[in-house]
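Chemist: Got chain A; can you put chains B and C on it based on the hints?
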Amino acid sequence: MNPNYLENRLKTLFSQALSAAPAAKLMPPLTMGLAPRRLMGVFQRFTALGYAMRSRLPKTACYAVPTLALLFAVTAQAQTADAFSQALEQLRVGNMSEREQAIVQLGEDGRSLKLLRALRDGQLMDWKTESRLVIAVDSVKGYALRDPFDGKAVLAEVDKDAVGKLNMTNKLRGVLSKAIGGLQLNAESADVRLEAVKAIAKAADDNALQLLRKRLERENDAAVLAAIQEALWLRDLNGDDKPARLAAIQALKTRNSQDAYNRLRQLAEADAEADSEVTEQAKAAVKKIESRLQNYAAIETVFFGLSLGAVLVLAAIGLAITFGVMGIINMAHGELMMLGAYTTYVMQQLLPNYLGTALILSIPMAFLVAALVGIGIERGIIRFLYGRPLETLLATFGVSLFLQQAVRSIFSPLNRSVSTPDWMSGSWQINDFLSLTWNRFYILIFCLLVFTALLQILKRTKLGLEVRAVAQNRGMARAMGIPTSRVDAMTFGLGSGIAGVAGVALSQITNVGPNLGQAYIVDSFMVVVFGGVGNLFGTLVAGFSLGIANKVLEPYAGAVLAKILVLVFIILFIQKKPRGLFPQKGRAADG
Amino acid sequence: MNLFKQDKTYGSVMSALAAVTLLIPLCNLIFPEDSALHFSAYSVSLIGKYLCFALLGLSLDMVWGYAGILVLGQGAFFALGGYAMGMYLMRQIGTRGVYGNAELPDFMVFLNWTELPWYWHGFGNFGFAMLMVLLAPGLLAFVFGWLAFRSRVTGVYLSIITQALTYALLLAFFRNEMGFGGNNGLTDFKDILGFNIQSDGVRTTLLFCTGLSLIGALLLCRWIVNSKLGRVVTAIRDQESRVRFLGYRVELFKLWVFVFAAMLAGLAGALYVPQVGIINPSEFSPLNSLEIVIWVAVGGRGTLYGAIIGAVLVNYAKTVLTGLMPDAWLFCLGGAFILVTLLLPDGIVGLLHRRIKPKDIEEALLGEPT
Amino acid sequence: MMSQILAPKGAASPQFHDFVDTRHGPILYLEDVSVSFDGFRALNHLSLYIDAGELRCLIGPNGAGKTTLMDVITGKTRPDSGEVFFGQTIDLLKLDEPAIAQAGICRKFQKPSVFDALTVFENLELALKTDKRTWPTLFSKLNGEQRDRIQEVMLLIGLAGLKNQPAGILSHGQKQWLEIGMLLMQEPKVMLVDEPIAGMTHQEVERTAELLLSLQGKHSIVVVEHDMEFVRSIARKVTVLHEGSVLTEGSMDEVQNDPRVIQVYLGG
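Protein chains in written order, with our numbering: chain A, 1 to 591; chain B, 1 to 370; chain C, 1 to 268.
Keep in mind that the hints were calculated from the coordinates and are not lab data.
Watch out, some of these pointers could steer you wrong.
Calculated lysine to aspartate or glutamate pairs in the DMTMM-like style (CA-CA distance at most 20 angstroms, straight line) [claimed, not checked]:
no., chain 1, residue 1, chain 2, residue 2
1, C, K111, C, D131
2, B, K228, C, D148
3, B, K228, C, D131
4, C, K76, B, E240
5, C, K76, C, D96
6, C, K129, B, E240
7, A, K198, A, D221
8, A, K577, C, D80
9, B, K228, C, D116
10, B, K228, C, E145
11, A, K576, C, D148
12, A, K577, C, D96
13, C, K111, B, D238
14, A, K287, A, D275
15, A, K165, A, D121
16, A, K283, A, D240
17, A, K165, A, D126
18, C, K76, C, D38
19, A, K160, A, E130
20, C, K111, B, E240
21, A, K577, C, D38
22, A, K160, A, D109
23, C, K94, C, E31
24, A, K128, A, D147
25, C, K76, B, D188
The shape of chain A in the complex, shown without the other chains (with noise of 0.2 angstroms):
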């Protein structure tokens, strides 16, 4: 049911595989021993066939190919496997001058990644007894001796004396995170390439540019390749060569990096800066980023304004259907959003460690949950005041009433926490200066999936046909056979589990709390009346205008003040054309 499961359950298979991989090269000599020349072969070709069905398989290659030839890759390791066990023994026990050396010829080696990350951060110590190194981490004995190369594996508990730390100076801390940071630079992971990538150019010694300037012929991942350019844009502009101070500018303005941004303007504004051309450019180069700057401002408004607008939708859709198709004013359709967002919250304390499943699985509960309050309040009370709207308003206004206060009573006054699952959280970091929230993206995208559902509902199902036929003409429709008082149920139950739905969507970017509903309620009836009563579409269009004109208020007018405005936009708009953006024609809407 989670549609992430599959795709989650792949890459914990791979990641296994990829873990295995160099687990595998630690017996190198016991490895290749086994390892007959035929299967060798297999690799390679294996190897060959990877890299040709990258371009067409991509994920399934992305995956197969390291492996194979990580596994290819050991090998080659083979030949220096003596060398590499050698420069190990040097830096346990030689002096500075060995240990600088073995640094620097583990640092070429991928293997050696974590023992050298635990060598900078202390942990790594040599264990006098058994005469290796190993990663020694605080323990309530002393110290959990681990695998130097896989981190993990515990081989033993012992006493501080027992192991000896290793000596470092400055020079050698030096020369160690150079070799980790060439390192990690050469990683299979693009994203400790990355991360690298960032760290050498805060660093920004020369020789750190050195590694970066040879990594750059070989990057492939677009990703890093254009960190790494921007980190030697940014070296050049510090510099004081002036056409690579020029060419940096003029390649950074493209460029959309807070960094550079920054760079830029420091030398855009800087008095002290020499060179008037460079400052000039600089200045041209801003403004550049700042006009980007304002599209991209204006994008992320548009998504907020949508995001907003796909919540009104949501809220507003279940009134659309109760109100525009049966005219029924339902006051309490902001508690039965309510019902759905404690569903949700109900839904996670029974699973709670399946907090993505849980949240799934509320969807179609709330519906029900929703759907059968929904259909309990036809049955019990709208039916019995058809043709009296006022009354129906106060009536179903009366069940609001009740629904909250019986959800303080069997809950709490207080709001619950409903939790967000991990896909759902975080943003997409599209760029330094734009980033879209997940869980604002997924509403958006669920908003538009219910709409659809609920147009194909009324479009293709019998429900649908016969909620179309009762609302154009219910006397009609009787003498036809269909069961009018059924349909009145099904569809005020249709509108009111989408409000359960709904509900569960609020419950991931609101508190959950008995005023739920109250927060939604004018607005959601704002949004069907000014769409156009009756018209599905007339309240998507509404929905989404009036979440975008709040946004585009707001940097001006503030969230209130936004509120207000549009509030008293749609009040004149009403006054203007009662029938809403999208008015029903003819003589049926007379009446």
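Modeler: Coordinates of chains B and C only, in the frame set by chain A:
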């Protein structure tokens, strides 16, 4: 409309009001505190509050019961009147505020404002403040109603936009920048017309004034609904378009009643504020306005005194219930909404007059040949 | 006061319309009027002239546009194109419903729409031709002449005995008559009467016919009716509407013998 028996109920309500208006202040002043006939300052304020609500309910009955306009934002006019009164009371504090600033109310000093906003000028004058008590809600109702009725926004649409109106005002008054004390509203009043607002004398006088206003308003409303305008408005409630074809400008009649009711609500708010000692934005909340609707519905709409009975009863129940078991109040309120609309469309008054419903008359008439 | 300030443009007060220029004969001119709802043409280039003092019957099958025509004349529906004049000078398309009513065009609806909550007397009082602005209405008191007038109309429509009864208890036929009475109270120049005899007994129908005949000359009357018997009993001139335009006009006999009319009514 012409049910003669209503006059009897009307008479009893009127006498009850007169009794409350006269006797309670007297009892409070004459009898010593330990006497059984003494009304404590608390009960005097409480009863004063009920009477304000009754006035507010009456105002809603005019628009809803007679003109058929279900206003879900009547509380907004009440609050505006209350704010106008609150502004006067704020100006009376003078230098006795925490900051001792003679020119500015405390919250403005707190916000580092240096001068009084233009719309606060004149509120030091009681007469001007009283004028604003009527004009501010009246003007809002006039502008809003003019726009709404002219474009023939009716029924639930109108109800919903009146709710949006009060919601927008709620949000607006929460803002500190509005200059009405933001979240906290206006409070810590000291004097009214130079008398200590906490004193028994002022409390009883306020109760007396409220009672008098209510009686006056009831008489005035009764005169209006019995005038030809009242009949036009009732006709509009039942068949709006038909009235238009008789040559009446329906929108202007609705507007007239709407503005009148808004002013009445403003008056109720102005009487309410000195008795409870505070006015804050929560008075604008849509829930408050809906409560007014339930008072009228419980009492029986379209009867005037029904609104008064309903307002007093529901609020008494609220006082009792929120004291005894706070959780039950919303259940009861919600239940009242449902039960009254389903079972008691004519409210308590309807129960009293069950025997002479038009339907019964019809049956009686059909029974014998005419 | 308020009403003066607020009266929208073109909605001048009734005094200006007391004079309707009928020197050229017709009191109502409809020229080339078209109305469509969602693509359905309710009126299709319809032209119609009603003479001052005339009693005209409009007949036509369902959906012929009779009620829409009345809606256009009384301002309820705005035509998509065409002209509607009251006399020579008053452009009805520039007026709204109350202004048209005050100008002297009054209407009885197909479905009797009296005010159930008000008494028979009050219903007639509301219709009385008088100052209909808000403040004057609030302070209005009936003078003796007006009371007499109401009494007179109540006698005419046979409801004097039910003077103080709510209109809600009246029978269907009585409600029809009350509405006709309300029309009379407005002292209209043009009366538009939509299906006046639906739900009436035979005697009532006869009295209605008498009433309408007695009114012609003083008022111009347009009657929409399905009952051919009734139409025959009152009509001098009959207009047949079909699919939104005038099919034919003439005396009842002419019309009934018109082959097109026969085809329309009987299907061809």
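Chemist: Does each hint hold? Answer for all of them.
Modeler: How the hints compare with the structure:
no., hint, result
1, K111(C) / D131(C), "violated (27 angstroms)"
2, K228(B) / D148(C), "holds (18 angstroms)"
3, K228(B) / D131(C), "holds (12 angstroms)"
4, K76(C) / E240(B), "holds (12 angstroms)"
5, K76(C) / D96(C), "holds (8 angstroms)"
6, K129(C) / E240(B), "holds (18 angstroms)"
7, K198(A) / D221(A), "holds (15 angstroms)"
8, K577(A) / D80(C), "holds (19 angstroms)"
9, K228(B) / D116(C), "holds (16 angstroms)"
10, K228(B) / E145(C), "holds (17 angstroms)"
11, K576(A) / D148(C), "violated (44 angstroms)"
12, K577(A) / D96(C), "holds (18 angstroms)"
13, K111(C) / D238(B), "holds (14 angstroms)"
14, K287(A) / D275(A), "holds (19 angstroms)"
15, K165(A) / D121(A), "holds (11 angstroms)"
16, K283(A) / D240(A), "holds (18 angstroms)"
17, K165(A) / D126(A), "holds (6 angstroms)"
18, K76(C) / D38(C), "holds (17 angstroms)"
19, K160(A) / E130(A), "holds (15 angstroms)"
20, K111(C) / E240(B), "holds (14 angstroms)"
21, K577(A) / D38(C), "holds (18 angstroms)"
22, K160(A) / D109(A), "violated (30 angstroms)"
23, K94(C) / E31(C), "holds (15 angstroms)"
24, K128(A) / D147(A), "holds (15 angstroms)"
25, K76(C) / D188(B), "violated (56 angstroms)"
Going down the numbered hints, you'll see the structure goes against 1, 11, 22, 25, while the others check out.
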